[in-house]
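Fit chain B to the known structure of chain A by using the hints.
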Amino acid sequence: GENVEQHPSTLSVQEGDSAVIKCTYSDSASNYFPWYKQELGKGPQLIIDIRSNVGEKKDQRIAVTLNKTAKHFSLHITETQPEDSAVYFCAAKPLGSGNQFYFGTGTSLTVIP
Amino acid sequence: EPEVTQTPSHQVTQMGQEVILRCVPISNHLYFYWYRQILGQKVEFLVSFYNNEISEKSEIFDDQFSVERPDGSNFTLKIRSTKLEDSAMYFCASSEWGGYTFGSGTRLTVV
Numbered sequence: 169g170e171n172v173e174q175h176p177s178t179l180s181v182q183e184g185d186s187a188v189i190k191c192t193y194s195d196s197a198s199n200y201f202p203w204y205k206q207e208l209g210k211g212p213q214l215i216i217d218i219r220s221n222v223g224e225k226k227d228q229r230i231a232v233t234l235n236k237t238a239k240h241f242s243l244h245i246t247e248t249q250p251e252d253s254a255v256y257f258c259a260a261k262p263l264g265s266g267n268q269f270y271f272g273t274g275t276s277l278t279v280i281p
Numbered sequence: 003e004p005e006v007t008q009t010p011s012h013q014v015t016q017m018g019q020e021v022i023l024r025c026v027p028i029s030n031h032l033y034f035y036w037y038r039q040i041l042g043q044k045v046e047f048l049v050s051f052y053n054n055e056i057s058e059k060s061e062i063f064d065d066q067f068s069v070e071r072p073d074g075s076n077f078t079l080k081i082r083s084t085k086l087e088d089s090a091m092y093f094c095a096s097s098e099w100g101g102y103t104f105g106s107g108t109r110l111t112v113v
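So the protein lines, in turn, are chains A and B.
Last residue of the first sequence: 281 in this note's numbering, with the numbers rising by one and none dropped.
Last residue of the second sequence: 113 in this note's numbering, with the numbers rising by one and none dropped.
In isolation and in its complexed conformation, chain A is listed as follows (with noise of 0.2 Å):
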């Protein structure tokens, strides 16, 4: 089955910064990367996505990469706030997985004031 292997684990960055995630991914048949923000004490929430007909996708601050031949993917967030403190999550979903997604083990950032 597909394997999800995202670094790094923990990451610190100062205000304002940039933060950088990566994760790889070993099916080639998966087809849509989501990624989650998990708040202490919350469920993960989705915060941006992409499918693999796209290389790139943005959302205001956040930003997905996407390399189908590598087979790897990373979320990118600039000009970081505090707020952005939390641990993240990405996954991918094989076609004909059903709608089940393979996760990765999670990146706790922080974001120094």
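Some hints here could point you the wrong way.
[What the hints assert, rightly or not] For each label pair, taking beta carbons as the anchor points, the in silico distance ranges come out as:
1) A:224 <-> B:82: 43 to 49 Å
2) B:86 <-> A:171: 25 to 31 Å
3) B:65 <-> A:281: 47 to 53 Å
4) B:53 <-> A:177: 34 to 40 Å
Since the hints were made in silico from the structure, they are not lab data.
Beta carbons: idealized from backbone N, C-alpha and C, even for Gly.
Just chain B now, kept in the frame of chain A:
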């Protein structure tokens, strides 16, 4: 914004006891899921449910687990005869298609 609601937020149970975790998915969603996250580990798929039946389940979802949608709004996960290793955060999610909406989770502690 519509939410997925899970109760209780924290459940402590004795090993060998049965627990029922409850979820109210978003009303117009068609797919329902349970995932779990053992502390420090990945979010793992347990089961998906569509059209009143299980559509997929993982190896984790063995005979001690069952799911039900008893009344058209609630979606429950039952764990019979809990084990210590069942201690985890359990997340319910629902979707129309594509991205999920997750609940806030139930922290299950088996002692």
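**Request:** Just pull the numbers of the violated hints for me, sorted ascending.
**Result:** none
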